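Undergrad: Sequence:
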Amino acid sequence: MPNSTSWDDFRLIKAIADSRSLVGAAESLGLNHSTVFRRLGTLEDQLETKLFERSRLGYTPTAAGEDMIALAIRMDEEIREFERSIMDRDILPSGHLRLTTNETFLTLFLAPLLQDFSQLYPDIHLDLILSNDQLNLSRRDADIAIRATREPPETLVGRRICDVPWAHYVPATLEDAQTQTLGWIGFGEAIAHLKAQRWLAQNIAISKIRHHVDSLSGLAHLIAAGMGQGILPCLMGDQIKRLRRKGEILPDFGDAIWLLTHPDLRKSARIRAFLDFAAPALKKALTTTKER
Numbered sequence: 001m002p003n004s005t006s007w008d009d010f011r012l013i014k015a016i017a018d019s020r021s022l023v024g025a026a027e028s029l030g031l032n033h034s035t036v037f038r039r040l041g042t043l044e045d046q047l048e049t050k051l052f053e054r055s056r057l058g059y060t061p062t063a064a065g066e067d068m069i070a071l072a073i074r075m076d077e078e079i080r081e082f083e084r085s086i087m088d089r090d091i092l093p094s095g096h097l098r099l100t101t102n103e104t105f106l107t108l109f110l111a112p113l114l115q116d117f118s119q120l121y122p123d124i125h126l127d128l129i130l131s132n133d134q135l136n137l138s139r140r141d142a143d144i145a146i147r148a149t150r151e152p153p154e155t156l157v158g159r160r161i162c163d164v165p166w167a168h169y170v171p172a173t174l175e176d177a178q179t180q181t182l183g184w185i186g187f188g189e190a191i192a193h194l195k196a197q198r199w200l201a202q203n204i205a206i207s208k209i210r211h212h213v214d215s216l217s218g219l220a221h222l223i224a225a226g227m228g229q230g231i232l233p234c235l236m237g238d239q240i241k242r243l244r245r246k247g248e249i250l251p252d253f254g255d256a257i258w259l260l261t262h263p264d265l266r267k268s269a270r271i272r273a274f275l276d277f278a279a280p281a282l283k284k285a286l287t288t289t290k291e292r
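The sequence shown begins at 1 in the numbering used here and counts up by one.
The set of hints was computed from the structure by calculation and includes no laboratory data. Bear in mind the structure is a predicted one, so any value in this text is a computation, not a measurement. One should not assume that every hint holds.
[Unchecked claim] Here are the simulated lysine-lysine pairs, DSSO-like style, with alpha carbons at most 27 Å apart:
#  : residue 1 : residue 2
1  : 241       : 195
2  : 241       : 267
3  : 284       : 241
4  : 246       : 283
5  : 246       : 195
6  : 241       : 283
7  : 208       : 246
8  : 284       : 195
9  : 195       : 208
10 : 283       : 267
11 : 284       : 246
12 : 195       : 283
13 : 267       : 284
[Stated by the list, open to error] Taking CB as the label site, the calculated pair distances span:
#  : residue 1 : residue 2 : range
14 : 152       : 94        : 25 to 35 Å
15 : 34        : 150       : 45 to 55 Å
16 : 79        : 202       : 44 to 54 Å
17 : 159       : 63        : 40 to 50 Å
18 : 106       : 20        : 13 to 23 Å
19 : 118       : 202       : 13 to 23 Å
In this text, a Cβ means the ideal position worked out from N, Cα and C, and glycines have one as well.
Let's have the full structure, built from the sequences with the hints guiding it.
TA: Shown next as structure tokens:
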């Protein structure tokens, strides 16, 4: 009879499957290559079956390996669900709060609000993850996300803060007549998925787009420097004095700013504290951008 397997054994097999190599598994688990090799061999001997086929393409799970990986995934989800349920028992707002947003939003709006929040709740320690990536809140990559989206994922809950209108912006130093010959700056590959790209493609000839940049913050600063004109979210464009809004608000692109969290976390004291504080504060900050 084989000895009982442990949770660490399941983690090991899943890590090897995820990376398809012992080196990758070792890095993700914080072990060295020889330890992973030895533990895999011991586990296969213990179970009296092969868990992976070795080839030039890497480590491919056998049928037994696939079964073990599937169980590891279920165990991982149940552990995370237990962790989230424990958070529901918080009484006082304290502990670590992982918040994700992008750097531009932090710079323009969020930083002073976080200072006020920290003074109000000194026992909550903020871990800020500045990224445009859609982090997985179900897997606790973050506790709360501030996102611009048309429709939040059905797996998340949250509060809608405000719409995100867009407009045409030019350098503040130029009159309208001077902008007639000014080229346009388009969206680089990293942000070409934005709905605003469709408007640009339908309204601006390719020959007029002279530059591309892969961040909205970069686009705003290039326009301000006089390199061209472009379209930006008004939440950003209206905050930069060296930019001037030209014309009316563009047709609605449908996005809104949302505060989002996982349903299992919303009863946590620190999650509730942040949502209750940030929702009205952000709404006030985002709806009082200067009129153009």
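Undergrad: Going back to the hint list, which numbers does this structure go against?
TA: As far as the earlier hints go, 2, 18 and 19 are violated by this structure, in ascending order.
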